[in-house]
Amino acid sequence: MIVRISRYILIVVSIVVMAIYLPDLYWLFFDVKTSSPYVSYSPVDSMFIMYRHGDNGLVFYDEEGNTYTREEYEEKLPLFYYMQLIADGRMPDSLHGIPLDPNEIKTNRNNHRIRTYTHDVPQIPLYPLLESESGRVTLEFPDEFFRITDKGMEFVNSKTKKVNKEKSALFTDALKNADFQFPAKRVYTNPTTRKPFDEGCFVIDNKNEFYHIKRAKDQPVVRNTRLPEEINICYMLVSENNLKEYYGIIISEDNRLFFLTYDNYKLVELPTKGIYKVGEMTVVITTDLFFRQVTLNKNDGIDVFVTDRNYNLIDEYHESWKPREAYPQGKVARAIFPFSLSAEDDSSAYVGLYSEWHFPLAWIGNLISLLLFALFVKKEGRTWKGAIPELILVTLTGIYGLIACMVYIYVPLWRSERK
Amino acid sequence: MIKKIFYKEWLKIRWAYLAIAVLFAAVMIYIFASVAHTYKFNLAATYWYNIIFRGISFYSSLRYVPLFSGLLLAAVQFIPEIQKKRIKLTFHLPVNEYNVLLVMAGIGFLSLVVMFGVYCLIFLLLGYAFFPAEIVHSAVLTTFPWYLLGLTAYSLASYIILEPMWKRRIFYILFAVGFGNLFLYGWFYNIYDRVLIGMLIVTILLSISVIYSGHRFKKGVYK
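As given, the protein sequences belong to chains A and B, one line each in that order.
Those letters in the first sequence? Residues 1050 to 1468, by my numbering.
Those letters in the second sequence? Residues 10 to 232, by my numbering.
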C-alpha cells in the first residue's frame, strides 16, 4: 500500500514538473515575436503617432499609415523631445498660440508606469516618513521607520532599534484625534529622496477609510481624505511631482483608474472604458502641457485614451494583434499539452501554482497519449482492470501522464520488469 | 532493533552531520558579521531601506546550505547501502523491510529537521539583535523554502540513490532537479508566503519516496 502511495506521489510530482517545464521548452523553439507600438498623441496634428521595432530598426508612422523619419517624428512630439529639438534648433516657439517654455514643458511632463503585478508585491510593514518642511532644499532620509499596529503608530530608530516613545505618542494621538482606527491595513508611500518634495503617506485604516499622514516640522499632519464609500482601493501609486495636480494614481477594486487630486482629495477618473483589468495590463499614464494620456498594454493589444487638461476624452486608439496562442504553433501547443503550470504569473509577485487549461483542443493529444499507453498495456499483457488508475491518469493529463507512467512503469523501455 | 538501526545510521552520518553543523555555524557567523560590518560602515536607515524597498537580502549566503546538507546526508546514508548491495542484508532482518527503510529515512529526515530547526532559531534570535521584528520575520519566512528544499532534496536524493537502474535514475534526476528549482525563486522577499503550507505538505509526502526504490531494490530489478 505505502509503495503504491509513494509511487503515485512521485508520479504526480513528475507531472507537475513536466507541466511547468515542457511547455516552456516548446515555446523556446516556437515562440512568436510580436512588437507592440509605442503610441503618443501629437499636439501638432492632433492625431496618434507611434513607432515600433520593425525588421530594419525603428519604424515611425501615424494612425493613418503615413510614415516619418525619426526627425519628423520628433517634431510631431515637441513636448516629449523638446531637449533634442532645442539642441538641434528645431523647437518651435509656440504651438496653436500657446508658448512653449522648456521649463513649463518639463514641469508638466510626467510618466507613471504601473506593472501588472505592482498591486500584489510583498511588503515589510516599515516605512520612512520624510520631513516635508525641513527648510532644506533637498529631502533627507530619516533615521526612523514607522509601523502602524493595533497599538498605534510607532517610530523605530534604525540606529538604536528602539522605539521613539515621544514621537510615537504624538503621532498616535494625532491619528486618534482624526478618528483613525488602528491597525493600518495598507500603507502607500513613495520612499525616496529623489523627488521635489514630500507628501508623506496614504494609509487605509481598519475601517477602510483613507488617510493622508504627513510630517511637517516634526509635527503630525493627519487628514481623512473622505473618499467616496464605493471606492475600494486596490493600489495607490504615490508620486510627488512639480505639477502639483495630483498626489498619485489610485486603482480601485473594480478596475478603475483615478488621480487623487490636490483639490481636497477629489478623485478624477481617467478614461479606460471598462477595458482595464488590474493584474492583466500594464498601465502607463503620461501628462504633458496639453494632454493626459492613459495607455493600457496587453500582450495582445494596446488601448490608448487621451484627454485634455480638464480630463475630457478627446481621442482614443485601439490596436490588437494575434497573441502567440492564436498562431498555428499556439494551437499545436494546446493540442499537445492539456494544461500548463507556472510558479510565477504576471498578475502577482507571489509564487503560486498558476494554471492554464487547454481543453477542448487538448483532447486530441490526450486521446493519442491514451492510445499509445493502451498499446503498451496490451503489449505487456497487463489486465485492463489493473491498469485502470493509470488509464484515467493518462486520459486526464495526456502527454505528462503518459511520460510519467512510462518512466514509473515501463522503463527499461519495451520490457516490463513485472515478469 | 530500531535502536540498533538508529545506532548504525548514526555511525554512517555522524561525520557528515557534524560537517553540516559546522558549515551552518560558519555561514551564520559570516551572515551576521557582514550585517555588523554593514551597520558600521553605512547608514542604518539606508541599509533598512535597501532591505525593505529594494529587496536586498542579508542572508542570501544561506540559500544553498540546506540543499547541500540534504544531498550530503542522503549520500553518506544511502551510497554505502548500494555498494555491494549491502541493503539486501537489512532486508533479510526479521523485521518488515519497509519499516526498516522508513526508520532509516526517518532518522535522516528528522536529524535534518532538528539541524534546520536549531539554526532557524539561532538565525531568528541573532536577527532580533540586529533588526526589527518585521525584517527578521520576513527573513525567516523567505529562508523557509530553502529548508524545505533541503528536506525534499534529502528524500529525492535517497530515492534516486537507491533506485537500482540507471535508465530510470536519469529521469528521476531530471524530475528532481526541475522540482528543486521551484524552491529557489528569489527576486524578492516573502514571495513564497502563500504556498508554504502546500510546500510543507509535499515535502512530508515525498519523505516516503525511498520506499518506492527500496521496493524495487528488494524485488531485484537491476541491470
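Don't read these hints as lab results, they were simulated from the structure.
The beta-carbon is built from N, C-alpha and C at its ideal position, and this holds for glycine as well.
Keep in mind that the hints are not guaranteed to be accurate.
Unchecked claim - What follows is a set of in silico ranges between Cβ atoms, one per label pair, in the way DEER data are often shown:
1. Ile206/B <-> Asn1257/A: 42 to 50 Å
2. Lys1326/A <-> Ile38/B: 27 to 35 Å
3. Lys1326/A <-> Pro89/B: 53 to 61 Å
4. Lys1211/A <-> Phe62/B: 17 to 25 Å
Going down the list of hints, with the structure as the test:
1. Our hint of 42 to 50 Å for Ile206/B and Asn1257/A is violated, since their Cβ atoms are close to 28 Å apart.
2. Taking the beta carbon of each, Lys1326/A and Ile38/B are about 49 Å apart, not inside 27 to 35 Å as hinted.
3. Between Lys1326/A and Pro89/B the Cβ separation comes to about 58 Å, which falls inside the hinted range of 53 to 61 Å.
4. The hinted window of 17 to 25 Å between Lys1211/A and Phe62/B holds, with their beta carbons roughly 22 Å apart.
Hints 1 and 2 from the earlier list are contradicted by this structure; the remaining hints agree with it.
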